[in-house]
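Colleague: One letter stands for each residue in the lines below.
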Amino acid sequence: MSRALEDVLFGDLTHKAQAITRVVSVGVAAALLALIAAIVYRFQDAGQFAGRLWEFFAWETTWVFLGKGLLGTLASAAAAAVIALVLGLVLLVGRLSRLRIARWPAVAVIEFLRGVPTLLLIYVCFLVLPSVGIKLSAYWMLTLPVGLSTAAVVAEVYRAGVLAVPRGQTDAARALGLSKAQVFASIVFPQAFRYIVPALVAQLVIVVKDTTFGYVVTYGELMQNAKVLIANYRSLVPVYLVVAVLYCLVNYAISRASHRLGRPVY
Amino acid sequence: MGSVSPLLAEYGPAFVQALLLTWKLTALSFVSGFALGIVITVARLLPLRPLRFVLTLYVEVFRNIPSVALLIFIVFALPDLNVVIDYEPSVILTLCLVCSAFTADYLRTGINTVDGGQIDAARSLGMQPMTIITSVVLPQALRSVVQPMTSLLIALMLSTALASQVPLPGKELTALVAKIANDSAAGIAAFAVAAAMYLASGLIIAWAGATLDRKVRILR
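Protein sequence lines correspond, in order, to chains R and C. Residue numbers for the first sequence follow the working numbering, beginning at 1 and rising by one. Residue numbers for the second sequence follow the working numbering, beginning at 1001 and rising by one.
Hints were generated in silico from the structure; no laboratory data involved. Treat the hints with care, as some may be off.
[What the hints assert, rightly or not] Taking lysine-lysine pairs in the DSS-like style, the calculated list, with each CA pair at most 27 angstroms apart, reads:
(1) C:K1024 x C:K1179
(2) C:K1179 x R:K227
(3) R:K227 x R:K68
(4) C:K1171 x R:K227
(5) R:K135 x R:K68
(6) R:K227 x R:K135
(7) C:K1179 x R:K135
(8) C:K1024 x C:K1171
In this text the structure is predicted, and so the values were computed from the model without any measurement.
Just need the whole structure built from these sequences, with the hints factored in.
Modeller: In structure tokens form, the structure reads like this:
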């Protein structure tokens, strides 16, 4: 069925129903405009349009500073993604192994890392590890936990991809005399990887979101830099609004990319 | 794990309270977010352009914004707009908004699994569009989203950790671990206990979700 459900539901309205729909649409639009007006009034009323709160957005230094924060976010997210891709592969190989001694620890690690909040892992790196003598830089206190918890999810995504490759291909390759490792590396995994590229890119959205916790360990990412700006200019609402928009744009771009990659290749 | 038992002797009741608070935050935000998500899904089906546009924007915004950024905005920025919400409702509101956006997204996918022919059939029986939505489309869509909703509930449960970012009067699990790690050298043991509690909660939810899914799944 290629027809969208709402078109089937409301596809062929009578003239009267169409007229009603139009009137109600205008009513809804008016209500939404009233809502926007109320929000604007609220800003005005609370003095949030004062030039002092917004003027520094006209300065180049502000955007350079926010840009640095965004770069910090992306640098941490990129390294976390690499950790996740590599460690996820290691966990996958363990998970698929027929040796219990490899499989059980892999399952345990995956379930553990997936079942514990990333923020808790960040606190462990931040508060607990130093007490046993392991000191990480702020960058790694953020990147390592994010990478670890993503790795467990990525391992499961990989596994879904591997299971989606038809079993007959493995049998055929084995019959041709390839070793198990060869079959995995040159037949199964390359195809599995293509299946799951959209899911992996979508996972990147979660990585970017998780790096927001960078301010907990005072790593200079977007949120942390936003807090510095707020401390400097005493401008809470504008800065947080701008930062929220930036996060939404970055993640929306990643989501769109994931959708594009998800379209079949012919 | 010799250090766990002295820890439990000292902080045992605190851990129980933290676990209960984690569950409470999860349950309240899930129930409200799920209900709001259903309302949004239905409203998005109505042939009202402006409403559809705004709700699509709503879903994209709350799906893509980091929950912490949203929480910090609600707790620290809204008071500047003379909107003051207490800490605990702020956490629930944050998670509810995020949950509703994902629910609306999943339900939309679930709705797409309903065959258009069923709608034609229902209309030819003289059913009104709203009746079709509530008695033909939604029941099937809801039954098909049990698995993604289970994952969402687990993710939501883990997200309650962000409550540690605001000075909540009670402490949930992550805040408790941070406090114990700050005050004493029992950080690792505290982490182990909290991790076990999170894992157990996740397993319970996963089991309940799988059981429900087996009961209501539509075999096609």
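Colleague: All the hints need checking, so say for each whether the structure fits it.
Modeller: Going through the hints against the structure:
no., hint, in the structure
1, C:K1024 x C:K1179, "holds (20 angstroms)"
2, C:K1179 x R:K227, "holds (23 angstroms)"
3, R:K227 x R:K68, "holds (13 angstroms)"
4, C:K1171 x R:K227, "holds (24 angstroms)"
5, R:K135 x R:K68, "holds (25 angstroms)"
6, R:K227 x R:K135, "holds (25 angstroms)"
7, C:K1179 x R:K135, "holds (19 angstroms)"
8, C:K1024 x C:K1171, "holds (12 angstroms)"
Figure legend: structure checked against the earlier numbered hints; every hint is met.
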